[in-house]
Amino acid sequence: MNLPRLFMQWMNPLVMYLDKEPVSLGSDGVIETDAPLNRGCRILILGKHAYFETTAAFPITDLKEIKAAVTMDQAMYAPFATDLIFLRKIFRKNEHTLVNIWFVRPSAINIIEQLAPWIVFPETALWSLAEPHQSRLHVISRKDDLLMVHVDDDGAVRSSIAEDEDTDFETFKRSVGPAAQNCSVERLESTREYFKALLSCLSDASITDFYPFFRWRPDFKNFNTPFAKLSILSLTILIFLYGSIWAGLPYWKYRQLIQENEKLSENLGDVLDKQAQIESIQQEIQQLAKPFEAYTPKLPLLNMLYQTISGKATIKRMTIAANFVEIGGTSPQASAVLSTLSAVTDIENVQLTAPLKKDRKTGQDIFSLSFRVKPNSFLEPAGVDPTGKDGD
Amino acid sequence: MISGISRQISGRLKAGVLILFILIGFKYILMPVIDWQKDIVNRAISLQQSVDRKKSLIGLEGQVEKVLQDSIILREQWCQHFETNLPDPQTWQLKLQKQMEELTQKLNITTSNVDWLPLVKGRVIGAPIKFRVKTTPENFMKLIYALENASHFIAIERINISTRRRSDTFIAELDVSAYGFSEALSNQ
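From first to last, the protein sequence lines stand for chains A and V. Read in numbering that gives the first Met the number 0, the first sequence has 322 at position 323, and its numbers run on one by one without any break. Read in numbering that gives the first Met the number 0, the second sequence has 49 at position 50, and its numbers run on one by one without any break.
Derived by calculation from the structure, the hints in this document are not laboratory data. Since we're looking at a predicted model, the values are computed, not measured. Where hints are given, some of them may not hold.
To be verified - Simulated pairs of lysine-lysine, DSS-like, Cα-Cα distance not exceeding 30 Å:
| id | chain 1 | residue 1 | chain 2 | residue 2 |
| --- | --- | --- | --- | --- |
| 1 | A | 262 | V | 54 |
| 2 | A | 66 | A | 47 |
| 3 | A | 360 | V | 133 |
| 4 | A | 262 | V | 53 |
| 5 | A | 47 | A | 195 |
| 6 | A | 19 | A | 195 |
| 7 | V | 94 | A | 289 |
| 8 | V | 26 | V | 37 |
| 9 | A | 63 | A | 92 |
| 10 | A | 289 | V | 120 |
| 11 | V | 133 | A | 357 |
| 12 | A | 315 | V | 129 |
| 13 | A | 195 | A | 88 |
| 14 | A | 63 | A | 47 |
| 15 | V | 129 | V | 94 |
| 16 | A | 172 | A | 195 |
| 17 | A | 311 | V | 133 |
| 18 | A | 252 | V | 120 |
| 19 | A | 273 | V | 53 |
| 20 | V | 133 | A | 228 |
| 21 | V | 133 | A | 315 |
| 22 | V | 97 | V | 65 |
| 23 | A | 252 | V | 53 |
| 24 | A | 262 | A | 273 |
| 25 | A | 357 | A | 311 |
| 26 | A | 63 | V | 13 |
| 27 | A | 66 | A | 172 |
Generate coordinates for the entire structure from the input sequences, incorporating the hints supplied.
As structure tokens, this is what we get:
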């Protein structure tokens, strides 16, 4: 998302152009003759007739100080005195700062005061915003005159108005100097095309480019104290109302719930006691069930081992701890024992825990294996009583 | 006098003081209020759940009573598997030892050694003992059957069997636990 572009799209419908008379510009560069001039101007583009333009170098860097110096000694830079001056820093080199200066004519200032725009751009300043900065000439054929603009490599602008291109163009190039001799020339053949190009320059400009031309300042002279007081009071009331709703509503609901809860507790006292008893008993049952859930019945496990391994192996030692079983013994074929046990569904991880060895006397495999009983296995009744009668 | 001092203070200092007051107000007024509001909202949500639960009980008095009775019966059934209301777990260990000795005597099993192991504590307390017997496989299976079908729950936690060459009997080590609880112990 290009924020400057969005900003400019929002600003564009209220762009005006002031050369000799103010006109409203449509988004496509067409002059809107029927648009009311007092509808609220946000950007005002000044035509060449509304200002005087020059460049100057100063041995100081602070733009405020430069502006103060120019304001003090206007006669040195401009043919008239004015209250509205725009400065734009071009570059700083060898402790000298080069600036573009635009002196707005007093007649234009009156109109600017009436229109009260947020940003005032001299038209030639817009050309210097376009990237890339490289020496170029713009020749714009307008309805009544010819505008010639030169932008140098650093973005400094010089311009002139002419009536006849054939003679005045060469004069302008000579006045600019060697930089204008071999640079590219861009031509615009109609006023509409020109305005469209200006609006395009505005759209492509970054927010920081507007800073030197930003004109809105708080007007403390005409500060409307009663209105400001009323605004602050209204804002305070609004904030207070919002805060009251934001904090008061949950608190009111909370108090209401406390009362409702107390009333329900009184009415359902007996039932609530019983429910608390039920919860307590259920927790107790869960505690009692824990040892049962963790226990692996040993008789079914031993029966399973007897039925599975009997005849295939002799168990010499066996350890059963929780659900882990380790067996050591001899067998004519230990792999058969392993595969038989692996097929039992209630156990898992059947594996040899030591390498197989051969008994020299009997020739049988000496094995050592382990497995785990799956959780909740062998929970069915233990089966036939090995004593043949009820055990006690 | 105050307006005179105010005039002497620079604009930057005024702005700094204003920002400082805003930050202090944010930290010590706004943030605590936000925390308080969050706390109230959480409490209200919790209370709402409690109220909803209580409302759902209206008209179910009979069912609650029935569930309570069923729960009491179920608990009693579970309690039958455990030793209850004995003065201390050592008594359970002694009782379990006597029960084991009686069983082994009845099954002609020779008991060579008995040890009391440390208690397993919790709401339900385990009282384990370890004993070493010499027996035949058949009698050993009968012993296991008798233990796992005893009137109270007895868990055989560990079995360790080792045999000797050319012998019909083997040595078995068993860790056996009796479980129980008493109000006095569970409150400790």
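*Check each numbered hint from earlier against the structure, then list the numbers of those it violates in ascending order.*
18, 20, 22
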